[in-house]
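Enquirer: Sequence:
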Amino acid sequence: MVNETMTQILREEGDIIIEGALYNFVSLKSLLELRKLDVVFSEVYDASTSIIEGLDLLRKLKAQFPAIDIILHTEIEIPALLIQSNADAIYMKQLGVEGCRASAAQILNAESMVSVLFYEDRKRHYDFEMLSDYEWEVLIMFSQQMSITNIADKKKTDYRRISRMKHAIMNKLKINNNVAFSQLMALAGCKFGEYPPVSL
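Everything in the sequence shown is counted per numbering that gives the first Met the number 0, starting at 0 for the first residue and increasing by one.
Keep in mind that the hints were calculated from the coordinates and are not lab data. Values in this document were obtained by computation on a predicted structure and should not be read as measured data. Careful, some of the hints might be misleading.
[Claimed, not checked] Label pairs and their computed distance ranges (CB to CB):
| id | residue 1 | residue 2 | range |
| --- | --- | --- | --- |
| 1 | N177 | A66 | 38 to 48 Å |
| 2 | D14 | R159 | 22 to 32 Å |
| 3 | N177 | R10 | 38 to 48 Å |
| 4 | I16 | E193 | 28 to 38 Å |
| 5 | A62 | Q143 | 15 to 25 Å |
The C-beta atom is built at its ideal place from N, Cα and C for all residues, glycine as well.
Let's have the full structure, built from the sequences with the hints guiding it.
Expert: Next comes the structure, spelled out in structure tokens:
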């Protein structure tokens, strides 16, 4: 409902040409390879892609197409992970037509697309660090519920290196303990329709 509503609201803007509304990341990647776009307006996951996989795809798309502004419009309130997408702007999704109109107005009137923006009542101070590509690969494996031993075997390295990397990742994402990390990884592995209404 939000996707279709936002598409209609954005269509009402006279100077915006909408190339299409897509429902999965595979179609998005194909479209970007075929057409020159200025802006991609996206949720962070779809029915076949987990949150962490969606963020990984967006991260890779931003690296491949740096001139495109990627705007996330999402219900996922996990800032430590959202900023890893390298999106130009991040907005919290609102339900209902009026909520979508307010969201669209905020997005269209933004003077800068280089900051992470949440609605005023949800703003926080964000000082999370960006993960390296290798750390991100390891994080994806953790989100797939792989153990340190399994990851070390798959990466052909030793247990201690992956254990140290896990702690480095936790420090960068400001995660204080293993329980919180496990909870985050369980959420990050969720797909559209599976995500519980909680935030970390």
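Enquirer: None of the hints should be skipped; say for each whether it holds.
Expert: Results for each hint:
Look at N177 against A66: about 40 Å separates their beta carbons, and that is inside 38 to 48 Å. Range check, D14 to R159: Cβ separation about 56 Å, and the 22 to 32 Å hint is violated. Taking 38 to 48 Å as the suggested C-beta distance range, the pair N177 and R10 conforms, at roughly 47 Å. The given range of 28 to 38 Å is respected by I16 and E193, whose C-beta atoms sit roughly 34 Å from each other.
Checked against the given bound of 15 to 25 Å, the beta carbons of A62 and Q143, roughly 22 Å apart, stay inside it.
Checked against the numbered hints given earlier, this structure breaks only hint 2.
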